[in-house]
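Engineer: Once you've looked at the hints, dock chain B against the given chain A.
There are 2 protein chains.
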Amino acid sequence: MVGFTSYMAAALEEARAAGLRGEVPVGAVVVGPAGVVARAGNRVRELCDPTAHAEVLAIREACRMLGSERLGGHDLYVTLEPCPMCAQAISLARVGRLYYGASDPKSGGVEGGARVFSHPQCHHIPEVYDGISAEEAARMLREFFANRR
Amino acid sequence: MVGFTSYMAAALEEARAAGLRGEVPVGAVVVGPAGVVARAGNRVRELCDPTAHAEVLAIREACRMLGSERLGGHDLYVTLEPCPMCAQAISLARVGRLYYGASDPKSGGVEGGARVFSHPQCHHIPEVYDGISAEEAARMLREFFANRR
Numbered sequence: 001m002v003g004f005t006s007y008m009a010a011a012l013e014e015a016r017a018a019g020l021r022g023e024v025p026v027g028a029v030v031v032g033p034a035g036v037v038a039r040a041g042n043r044v045r046e047l048c049d050p051t052a053h054a055e056v057l058a059i060r061e062a063c064r065m066l067g068s069e070r071l072g073g074h075d076l077y078v079t080l081e082p083c084p085m086c087a088q089a090i091s092l093a094r095v096g097r098l099y100y101g102a103s104d105p106k107s108g109g110v111e112g113g114a115r116v117f118s119h120p121q122c123h124h125i126p127e128v129y130d131g132i133s134a135e136e137a138a139r140m141l142r143e144f145f146a147n148r149r
Numbered sequence: 001m002v003g004f005t006s007y008m009a010a011a012l013e014e015a016r017a018a019g020l021r022g023e024v025p026v027g028a029v030v031v032g033p034a035g036v037v038a039r040a041g042n043r044v045r046e047l048c049d050p051t052a053h054a055e056v057l058a059i060r061e062a063c064r065m066l067g068s069e070r071l072g073g074h075d076l077y078v079t080l081e082p083c084p085m086c087a088q089a090i091s092l093a094r095v096g097r098l099y100y101g102a103s104d105p106k107s108g109g110v111e112g113g114a115r116v117f118s119h120p121q122c123h124h125i126p127e128v129y130d131g132i133s134a135e136e137a138a139r140m141l142r143e144f145f146a147n148r149r
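From first to last, the protein sequence lines are chains A and B. The numbers in the first sequence follow the UniProt record's numbering, run straight up by one, and end at 149. The numbers in the second sequence follow the UniProt record's numbering, run straight up by one, and end at 149.
If we strip away everything but chain A, and leave its shape as in the complex, we get (with noise of 0.2 Å):
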């Protein structure tokens, strides 16, 4: 069956070759109506670049394929909880529907810190879904920082 779990289980591919390639483990996966349009994994530190977070990576690489800068009727799938930047780059998109898997309690902007859909100045808020294979997505980061001691 094909459904968010599957999607997700692809955002925490990317996640995992993140982590291997050793930057923060962290993938998000965009979807639309045929299926995923884009999928991308941190890559911060391999691009020399502070806004080359999954989110940000996989909804470049979705409008550059639909020649679009908006992203309505696509859903993005991430494996944690997107932090200001990416949280506004999903608004200022058009994603319409918002999965995340483990919260982000120390540098989140969602349900926490910022709270960037939570303002008048947000002009599209996303139908936001959380807790979405949070174990593992959570397990990763761990495992990661853990490593890194």
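Hints listed in this document are in silico derivations from the structure and should not be mistaken for laboratory results. The reader is advised that the hints may include incorrect statements.
[What the hints assert, rightly or not] If you want a taste of the chain A side facing chain B, the calculated C-beta under 7 Å gives, among others:
(1) V44
(2) P50
(3) V56
(4) C63
(5) G72
(6) P84
(7) M85
(8) A93
(9) R97
(10) V116
(11) H119
(12) H124
(13) V128
(14) S133
All residues carry an ideal CB built from backbone N, CA and C; glycine is no exception.
Structural biologist: Frame of chain A, contents of chain B only:
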């Protein structure tokens, strides 16, 4: 005299050029100890990229030039109050000082809205100076939107 007004003048030039390309006229400049490192105007429509705000493009270019995902010791000049995406990118890049022109009560994320720098989840807070050449920056935006009606 080279100083913050001349750097903001360069950002205003970028904003003007963006407007001539049909983009919302916002410009940004990254300045290091030896002067301007990168400059950019908004290219959202041209690049079909919702993240291609002036600040993000200037930060990415400066990081590429310096071979680092961090811009410690560098300042950013932008003609308009950054949105939450750009504010968080400025934080992630460890920009030292943020100088901006006009306030953006409708979409800004620094002094209003998400107020990205004012939460414990924001791990680096730049020094912020607002209102630099604000009148010219605001006039350019007003004229742009008036002409589109």
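Engineer: Each of the hints needs a verdict: does it hold here or not?
Structural biologist: Right, here's what the structure says about each hint:
1. V44: 5 Å, holds
2. P50: 4 Å, holds
3. V56: Since chain B brings a Cβ to about 6 Å from A:V56, closer than 7 Å, the hint holds.
4. C63: This hint holds: A:C63 lies near chain B, its Cβ roughly 5 Å from the closest one there, short of 7 Å.
5. G72: 11 Å, violated
6. P84: 4 Å, holds
7. M85: Cβ of A:M85 sits 4 Å from chain B, so the hint holds.
8. A93: Hint holds; A:A93 Cβ to chain B Cβ min 4 Å, cut 7 Å.
9. R97: With a minimum Cβ separation of about 17 Å from chain B (threshold 7 Å), the hint on A:R97 is violated.
10. V116: 5 Å, holds
11. H119: 4 Å, holds
12. H124: Hint on A:H124: violated, closest Cβ of chain B at ~10 Å, above 7 Å.
13. V128: 15 Å, violated
14. S133: Violated: closest Cβ of chain B sits about 23 Å from A:S133, beyond 7 Å.
Violated hints, listed in ascending order, are 5, 9, 12, 13, 14; each of the other numbered hints is respected by the structure.
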